[in-house]
Amino acid sequence: MTKLIRADMIRMFRSRVLRLMMLLFAGLIVLESAIVTGDDVEAGENLFSSVIFGMGSMLLPMFVSVGICLIIGAEFTSGGIRNKMTVGHKRESIYGSWLICSLAITLAMTVILVIASFASALVFGIDMSDTNAKATVINLLVMLVCDMGFTAIIVMFAALFTGVKSVAVAFIYNESTMMIFALVGEVYKNSEVYKLVCRFFIQAQNGFYSTIQTTDTPWLTALCSGSLGVLATVAGIVSFRRKDLK
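In terms of this note's numbering, the sequence shown opens at residue 2 and continues consecutively.
By construction, these hints were calculated from the structure, which means they are not laboratory data.
Any given hint could turn out to be false.
As the list claims (entries may be wrong) - In silico DMTMM-like cross-links for lysine to aspartate or glutamate, where the CA-CA straight-line distance does not exceed 20 Å: (1) K85 - D245; (2) K166 - D245; (3) K190 - D217; (4) K91 - D245; (5) K166 - E176; (6) K135 - D245; (7) K244 - D217; (8) K244 - E93; (9) K4 - E93.
Sequences and hints are given; from them, build the entire structure.
Here you go:
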């Protein structure tokens, strides 16, 4: 499986689609930083937090989902999966390689997020004087775990739906989840049950994180989102075993 992971890692990170997603993501972070510096700042608003964590919880999952779905989808259309199975790779190994490489992509996008956000803050003069380094690192790690939990769900979609269909399914899932949580939050935002459910979904966590203080019970959020990712992985492997690849 090590050779399979290495081959998939090289193929994915050489993909023009992924490189384009990374460039667009970095460019949008810079653009967002430029925009927020020109807006009227509300009392108590932290612009740096709104950029790094807003983009990380809202935009990063969208770019990751599109990139992963298109890259994995290309294996269905090109016959890459059949070639892997012909040389003896099991479906579990193929799925596991996709998952590991996709998590690596999410990590790489998070690194781009951090570098672009800090660089843009310096270029555009965004105030970072009240940034708490420890809180920022902890919140970034928790958000990364949540983004990876989301990534596991996207890999499941990419394995079950062929090509562009997986992009559409991922988009509908992402947007509908954000919409549902936004609407339900208007009524039940103070509900403990609602707050607990939000910990499972990165789409519901806009505003969870800041560069000033650590998010509430970070280990619980990481545990919830990570558990959802594990469940998606198990469901994905079971379903991929039964998928007709003929």
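Distance restraint between K85 and D245, which requires alpha-carbon spacing of 20 Å or less: holds (15 Å)
So if I understand the rule, the pair passes when the alpha-carbon distance is 20 Å or less; does K135 with D245 pass? Violated: K135 and D245 sit about 48 Å apart, past 20 Å.
Given the hinted pair K91 and D245, is their Cα-Cα distance within 20 Å? This hinted pair holds, its Cα atoms lying about 14 Å apart.
Starting from K190, check that the Cα of D217 is at most 20 Å away, please. At roughly 15 Å apart (the allowed maximum being 20 Å), D217 and K190 satisfy the hint.
Is K166 close enough to E176, meaning Cα to Cα at most 20 Å? holds (15 Å)
Against the 20 Å threshold, does the CA-CA distance of K244 and E93 hold or violate the hint? Distance ~12 Å between K244 and E93 Cα, so the pair holds.
Within a Cα-Cα threshold of 20 Å, do K4 and E93 meet the stated pairing? holds (15 Å)
Please verify whether K166 and D245 have alpha carbons no more than 20 Å apart. At roughly 16 Å apart (the allowed maximum being 20 Å), D245 and K166 satisfy the hint.
Is K244 close enough to D217, meaning Cα to Cα at most 20 Å? violated (41 Å)
In summary, the numbered hints that this structure violates are 6, 7.
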